[in-house]
Amino acid sequence: MGVVTAQGERTGVYAEGCQRLLPVAAPGGYRWKPKNGQQVLVMKSGVDGEAACIVAQRESADNDLNPGELELFADGCSIRLSGDGQVRLKGEVLVNGVSLEAVIEAAVLQALAGQEGT
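Under our numbering, read the sequence shown as residues 980 to 1097, first letter to last.
For the record, the hints were derived by calculation from the structure and aren't laboratory data. Some hints here could point you the wrong way.
To be verified - Calculated cross-link-like contacts (lysine-lysine; reagent style DSS-like; alpha-carbon spacing at most 27 Å):
#	residue 1	residue 2
1	Lys1012	Lys1023
2	Lys1012	Lys1069
3	Lys1014	Lys1069
Given the sequences, and given the hints that come with them, work out the whole structure.
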């Protein structure tokens, strides 16, 4: 485990000494940039373990997920796939840059306008 000391394209980590310009790995379809102060897992690869890469963040103590649940999160927002089949969104939801409330309002107005013509 190490602590992020420089965030950005090529992240720096302090783990048994400071290592700079480390690439960050994530599962396909994910993008992630660790923040300064985060505890991260650094793995060594290459024939002799000479190439280090950041691959994960340490779990927080406030992890309230149930087995089988998944949560994607960033500061102030999250998407949780719950074990009971619910998708829980936290934060402002935008659909193509428009607030979800505005999208719903437009759909309701369009539906009501269609009823007036019948």
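* To do: Please name the hints from earlier in the document that this structure breaks, with their numbers sorted from lowest to highest.
  => none
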